[in-house]
Amino acid sequence: DSGVTQTPKHLITATGQRVTLRCSPRSGDLSVYWYQQSLDQGLQFLIHYYNGEERAKGNILERFSAQQFPDLHSELNLSSLELGDSALYFCASSVDNRNYGYTFGSGTRLTVV
Amino acid sequence: QKEVEQDPGPLSVPEGAIVSLNCTYSNSAFQYFMWYRQYSRKGPELLMYTYSSGNKEDGRFTAQVDKSSKYISLFIRDSQPSDSATYLCAMSAISGGYQKVTFGTGTKLQVIP
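These protein sequence lines are chains A and B, in that order. Following this note's numbering, the numbering of the first sequence begins with 1 at its first residue and continues without gaps. Following this note's numbering, the numbering of the second sequence begins with 1001 at its first residue and continues without gaps.
It should be emphasised that the hints constitute simulated quantities derived from the structure, not laboratory data. You may find that some hints are simply not true.
[Claimed, not checked] Calculated pairs, DSSO-like style, for lysine-lysine (alpha carbon to alpha carbon, straight line, at most 30 Å):
| # | chain 1 | residue 1 | chain 2 | residue 2 |
| --- | --- | --- | --- | --- |
| 1 | B | LYS1067 | A | LYS57 |
| 2 | B | LYS1108 | A | LYS57 |
| 3 | A | LYS57 | B | LYS1002 |
| 4 | A | LYS9 | B | LYS1067 |
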């Protein structure tokens, strides 16, 4: 157990739907990062939050949004889902803003049918 | 051309062999270099990170960075079946005041007993 908790582990939903993925960072970590992993694209950075504030955006679609709450847990919202959104979604955390040495969660496998 | 290139493998070796995993990159601004191990259906786990050029050793693992050639390597000595996993390289550089991390697509390693 890495200390980063992601729920749910698996999610199957239909096209056009909206889902919320949840992440609890490792105790003491202030940064939360979201990544998408697909077979052909590898790990793609989506968004980074530090202590409740958005720090950086990567290749995140406008249909996707995220937030980090005062208790530091984070949620990634995916809406108007398309078949191509099927992927593994990972959350990672780190103690501060320095972007090396993340601790990853086990991921949420999203399947859009 | 991708910023970080990594041979996807798969790479099959007999138990006890020395394994060499490599990545090349094009961005000379990369400063931190990381290796992650990802078991099937799990999140990536940080193995090692190095700053700038040089070698770093941790048990059976040695990370090597050659910035002049834009080439990094991870060596695994006395490989074990438990080393069978996908190995991801990652690199970070400051871009627009933010430390951005770029991952390779991973090399799948299989160690055969």
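Between B/LYS1067 and A/LYS57, does the CA-CA distance stay at or below 30 Å?
-> holds (27 Å)
Given the hint that A/LYS57 pairs with B/LYS1002, test it: the Cα-Cα distance must not exceed 30 Å.
-> holds (19 Å)
Has the given pair, B/LYS1108 with A/LYS57, been kept, meaning a C-alpha gap of at most 30 Å?
-> At roughly 29 Å apart (the allowed maximum being 30 Å), A/LYS57 and B/LYS1108 satisfy the hint.
Hinted pair A/LYS9 and B/LYS1067, Cα distance within 30 Å | violated (39 Å)
The structure fails to meet hint 4 from the earlier list, while all remaining hints are met.
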